[in-house]
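Could you build the full structure based on these sequences and the hints that come with them?
Start counting the sequence shown at 138; every next residue gets the next number (this note's numbering).
By construction, these hints were calculated from the structure, which means they are not laboratory data.
Heads up, some of the hints might be wrong.
Derived EDC-like pairs: lysine to aspartate or glutamate, alpha-carbon spacing no greater than 16 angstroms straight-line [claimed, not checked]: (1) K335 with D367; (2) K362 with E332; (3) K306 with E281; (4) K283 with E332; (5) K203 with D213; (6) K283 with E260; (7) K362 with E219; (8) K354 with D213; (9) K366 with E260.
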Amino acid sequence: MLLYKTMVVLFFIGMSVLRTVFLLCVCWVMPAFAGTINSQFPTEIDPHGHYVFYSHGFIVEGHNPKPVHKTFGIYDFVAVKEALADESYHLIAYHRPKGTEPFVFAEKLAADVEALITAGVAESNISLVGFSRGGALSIMAANELKRTNINLIILAGCAGLIKKLPSVKAYGKVYSIFERSDQVGSCQFLIDRNEVTKFEEISINTGLSHGAFYKPKDEWVLPIKKWLKD
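Below, the structure is given as structure tokens:
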């Protein structure tokens with residue numbers, strides 16, 4: 138009887154150990170779930186997943202994720218990331234250091250996209266989204282890639298930097314949103330430089346000028362999510 142009880146106890150201990158090992162193995166090999174916000178390039182890639190890179194505006198470069206502009210107020214990088222996150226894709230949002238050189242960062246974005254494609258992710262499942270300086274960086278990355286099926290979403294990003302670089306062209310499916318009260322307007326001049334796969338542009342009218350994109354507002358967040366899921 139004592140031997141029987143000992144065997145039963147050992148059996149359940151063994152099952153518990155096996156279950157723990159199994160769960161640890163599953164956690165180790167499974168890629169990050171869609172819906173998470175990645176501040177670094179993910180170590181595990183889901184070849185069937187969708188990936189979205191969001192690049193913030195110039196003011197956020199540095200250590201503060203919520204810098205304050207004297208006219209437009211707080212740029213809430215944290216809230217913007219949370220609003221853009223979605224269970225249907227992996228969001229990658231780097232916090233760029235102060236003094237980031239545009240071409241260097243654009244090359245990094247392009248290299249990250251190529252790494253996803255090499256891992257089996259389809260071009261059409263990758264999107265570059267950027268606001269202001271981040272929009273310009275996204276355009277420059279697309280110019281590096283020259284991929285015709287990638288998605289490029291520009292938020293008030295067709296401004297000085299891009300206008301000063303006539304050799305930079307847009308590629309893939311291009312979407313644009315600009316605020317009517319903002320001096321940064323349409324991206325049509327960029328599209329005229331090259332034939333893209335698709336171009337769709339809308340304007341919003343919040344009266345907040347460039348600051349319209351400093352916080353997540355339905356006027357621009359909802360169209361982005363619709364485009365990302367089309």
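Quick rundown of the hints versus the structure:
1. In summary, the hint linking K335 to D367 is supported, as the alpha carbons are separated by about 13 angstroms, within the 16 angstroms threshold.
2. In summary, the hint linking K362 to E332 is not supported, as the alpha carbons are separated by about 24 angstroms, beyond the 16 angstroms threshold.
3. Pair hint K306 plus E281 holds up; C-alpha atoms about 9 angstroms apart against a cutoff of 16 angstroms.
4. With a C-alpha separation of about 12 angstroms, the suggested pair K283 and E332 falls inside the 16 angstroms cut-off, and the hint holds.
5. This hinted pair checks out: K203 and D213 have alpha carbons roughly 5 angstroms apart, not beyond 16 angstroms.
6. With a C-alpha separation of about 11 angstroms, the suggested pair K283 and E260 falls inside the 16 angstroms cut-off, and the hint holds.
7. Using a Cα cut-off of 16 angstroms, the hinted pair K362 and E219 holds, with the two alpha carbons roughly 13 angstroms apart.
8. In summary, the hint linking K354 to D213 is supported, as the alpha carbons are separated by about 11 angstroms, within the 16 angstroms threshold.
9. The straight-line distance between the Cα atoms of K366 and E260 is roughly 14 angstroms, inside the 16 angstroms bound, and the hint therefore holds.
Checked against the numbered hints above, the structure breaks only hint 2 and satisfies the rest.
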